[in-house]
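Novice: In case you want the letters, here they are:
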Amino acid sequence: MNEMDLLATAGEPIAAEAAAARSAAARLLEYKRDGFVAFAPHTTMALVDSPEVVPVPGAPYYCLGLIPWQDGHVPLLDLNTLLRAYPDGERAPTGHVLVLAWQDAPGAPLQYGAVCARSLVQMIEVTDDQACELPDDSDLWPWIAVSCFQHEGQAVPIIDTARLFAELQR
Amino acid sequence: MNTDAPAVRERPAGPEAVSRAGARGNFVVLRAGGLRLLLRHEDVGAAEYIEGVPAATAQPGLFELDVLGERRSIVALSEQLRALETFPAGRFVLTRLHAGGGELSFAWDEVRVLIDAVLEPLPLPPAMRSPRGPIDGYVRLDGKLLLCATAPRVLAYAVAAGE
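Sequence order for the protein chains is A and B.
Residue 65 in my numbering sits at position 65 of the first sequence, with consecutive numbering throughout.
Residue 304 in my numbering sits at position 134 of the second sequence, with consecutive numbering throughout.
Read the hints as simulated data drawn from the structure, not as lab findings.
It cannot be assumed that every hint is accurate.
What the hints assert, rightly or not - With a Cα cut of at most 20 Å, we get these calculated DMTMM-like pairs of lysine to aspartate or glutamate: (1) B/K314 to A/E125; (2) B/K314 to B/E234; (3) B/K314 to B/E290; (4) A/K32 to A/D49; (5) B/K314 to A/D136; (6) B/K314 to B/D279.
Quantities reported herein were computed from a predicted structural model and do not represent experimental measurements.
Start from the sequences and build out the full structure, keeping to the hints where you can.
Specialist: In structure tokens, the structure reads:
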């Protein structure tokens, strides 16, 4: 299992974000073939290659299992399966997984979870004039996305990591 | 059967995880393929070895075998705790699960007893919990994850899955 520390590359874009009020950095993740979502760079911790996945019986169908990360384990979910509301015929890709962090409340300890990535994540700059409506292919978008932007002709929802994993807690 | 008694120290566990499997005591690890369940010793009956091939019955997922002169009904669970319709090669040990007097025996790839073990399970992350899920938490032991469960919850989940 290889791990790429994403925080090490996040400092410069965050500084750039402060300097240019109308643009911000985003981490782009391919969650299904040619389908992308974005995360705020400070929520993305690491890209892990081919982690060992331990399935957990009884877990929601979109949760693939637990993967090791740092000194513990974190849940791995497949966004594509979650958004489709049923399992895809194709096995969820686990060649790359993106580890995400969030806080349940200000000052609370960081929580961690991971999502499947079909390819390496990319860092891009997004400006306000790219804003657009959320896609209409899943009822879950309004629950897990805070906004959306156009990128290379596609609508790319920006995922709120805390909402994403809070949604799973229902 | 391995009867090592390791002492495992992990981070402090949440309240759900330690409800049954926490603290010090005797535990049993039941392995079905890559699935390793951790139950309290009192939840699991004595291990018995399978001599012969269990015969399929008219009920899918249920097998029968004579063990020490007694006709036994046997279930082999998958890694997802579903009853397998084909008896898997390599399942060579049987245990009963103590949960309401059920007469079913379960076939495992391995049964390991942990004597006087100190285990501190971690709670299952909220994203992985479900109301009828059989797993409470997990423990890392010898580089493997053991999933904490109880006999009643394993039985209830396996039976519900077969309905």
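Novice: Take the C-alpha atoms of A/K32 and A/D49, compute the straight-line distance between them, and say whether it is at most 20 Å.
Specialist: holds, 17 Å
Novice: For the pair we were handed, B/K314 and A/E125, check the Cα-Cα distance against 20 Å.
Specialist: violated, 41 Å
Novice: Please work out if B/K314 and B/E234 have their alpha carbons no farther apart than 20 Å.
Specialist: Distance ~32 Å between B/K314 and B/E234 Cα, so the pair is violated.
Novice: Hinted pair, alpha-carbon criterion (20 Å max): B/K314, B/E290. Please report holds or violated.
Specialist: holds, 14 Å
Novice: Run the distance test for B/K314 versus A/D136: straight-line Cα separation, threshold 20 Å.
Specialist: Distance ~42 Å between B/K314 and A/D136 Cα, so the pair is violated.
Novice: CA of B/K314 to CA of B/D279, is that 20 Å or under?
Specialist: Distance ~15 Å between B/K314 and B/D279 Cα, so the pair holds.
The structure does not agree with the numbered hints 1, 2 and 5 stated previously, though it agrees with the rest.
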